[in-house]
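> Given next are the chains, with one letter for each unit.
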Amino acid sequence: MNIFKKMLGDRDIELLIGKQLRTGVVTASCIALLGGIFYLVQQGAASVPDYSHFKGEGAEYTSFRGIFHGVAAGSATEFIQLGVLVLLATPILRIFFSLIAFALEKDRLYVFITTLVLGIILFSMFGGLKI
Amino acid sequence: MNILIFSLILLAGAYVAGLLGSLTGLGGGVILIPLLTLVFHVDIRYAIGVALLASIANSSGAATAYIKEGITNIRLGMFLEIATTAGAVGGALLAIFTPVNTIAILLGVVLIFSAAMTIRKKHEHAEQTGSKLSYLLKLNSSYPTPTGEVSYKLKNVAGGFGIMLIAGVLSGLLGIGSGALKVLAMDSTMRIPFKVSTTTSNFMIGVTAAASAVVYLQRGYIDPGMAFPVVLGVLGGAFTGARLLTFINARTLRIIFCAAITFVALEMIYNGLNHQF
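So the protein sequences, as listed, match chains S and H. Here the first sequence is numbered in the working numbering, starting from 1 and rising by one per residue. Here the second sequence is numbered in the working numbering, starting from 1 and rising by one per residue.
Wrong hints could be hidden among the right ones.
[Claimed, not checked] Pair by pair, the computed Cβ-Cβ distance ranges are:
{"#": "1", "chain 1": "H", "residue 1": "K122", "chain 2": "S", "residue 2": "G56", "range": "40 to 46 Å"}
{"#": "2", "chain 1": "S", "residue 1": "A73", "chain 2": "H", "residue 2": "A126", "range": "34 to 40 Å"}
{"#": "3", "chain 1": "S", "residue 1": "F96", "chain 2": "H", "residue 2": "E149", "range": "26 to 32 Å"}
{"#": "4", "chain 1": "S", "residue 1": "P49", "chain 2": "H", "residue 2": "R251", "range": "41 to 47 Å"}
{"#": "5", "chain 1": "S", "residue 1": "S47", "chain 2": "H", "residue 2": "Q276", "range": "20 to 26 Å"}
{"#": "6", "chain 1": "S", "residue 1": "V41", "chain 2": "H", "residue 2": "S151", "range": "53 to 59 Å"}
{"#": "7", "chain 1": "H", "residue 1": "L253", "chain 2": "S", "residue 2": "A72", "range": "45 to 51 Å"}
Honestly, the hints are just simulated from the structure, not real lab data. Backbone N, C-alpha and C define an ideal beta-carbon position, used for all residues, glycine too.
Take the sequences, apply the hints, and build the full model.
Spelled out as structure tokens, the structure:
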């Protein structure tokens, strides 16, 4: 534990978090860009779907299984949604990093606070709130 | 119109939204929703879905630089995220029961409030006496300035936490970062120096938006055809804006844009009152 602490000072972990955030956004943008180009090549000439009335997206765009299934099948739109997933995961992953940082500092109060925030987000992900 | 042209126009529009959001300090999402609904006639629910994505991208992209400079107060951000994420989840739930026209009117009101907030006088003084809670939660810190490290202490932590809860609900309900309310909580209530409150607020927006975005994604609000031009456009615009800010004086620009945004907000409210959404 002490060796870790020496290797990763408070400031280093902050910088690591900063880098992780940027990497996440860059990765998500690249996936979205690639998916977008494929999407335009495949369907660019088709007419625009009617966005003026809300229908809601189907399972292919709204669930892990649907998105990964589509990506495996080589569908451009699911590939874009994969970029969306990476983007959503970026701040959530940041909380994980903060949790590790506070644990290394043995800051119990902030381990508790960070776990609470993580718990709220995970509840929001898996709590079946979509209705 | 075919998909190619629509995507390119959307990309350009999102770029402008990101640029204006960065120059005014309002954030890209807030400008994106009126643009999508009033100009592109997109249903407000789709607009909210992609605006949340834009907020996450913006916040996470910009946070890196601020953390590097050591201005962001990470403990404070973490503590207040309890309030904003809980509020955001609540707001996303509330959105199901809220008529879209009410959402549009609320958004217009928040937009006007945000515009007013960006031109008000800023709190730059660093307080030297903190409240009890600020010591208990280890929230007092210091930040670098051109004249060296300045330490600051926090007042009225509970009050700030309460405003953050409201900021979270609005963020979840309207799909915006609600940076203005976050700054209000930190700046005016907890008396934190302006630079610290803006960067910490920006740091928190990504997590707050993610908390409600996961609900909206599952509810089918996020469309891939709109997501990619919007995310790329807003990020590009924000990047350009940040570059421009270092060598132009944004004060006059800010006032002009804020006036323009107030007109847009009034149109949102007007249309909302006439049940146009």
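> Compare the structure with each hint and give your call.
Now for the hints, and whether the structure bears them out:
{"no.": "1", "hint": "H/K122 x S/G56: 40 to 46 Å", "in the structure": "42 Å, holds"}
{"no.": "2", "hint": "S/A73 x H/A126: 34 to 40 Å", "in the structure": "57 Å, violated"}
{"no.": "3", "hint": "S/F96 x H/E149: 26 to 32 Å", "in the structure": "30 Å, holds"}
{"no.": "4", "hint": "S/P49 x H/R251: 41 to 47 Å", "in the structure": "42 Å, holds"}
{"no.": "5", "hint": "S/S47 x H/Q276: 20 to 26 Å", "in the structure": "24 Å, holds"}
{"no.": "6", "hint": "S/V41 x H/S151: 53 to 59 Å", "in the structure": "56 Å, holds"}
{"no.": "7", "hint": "H/L253 x S/A72: 45 to 51 Å", "in the structure": "48 Å, holds"}
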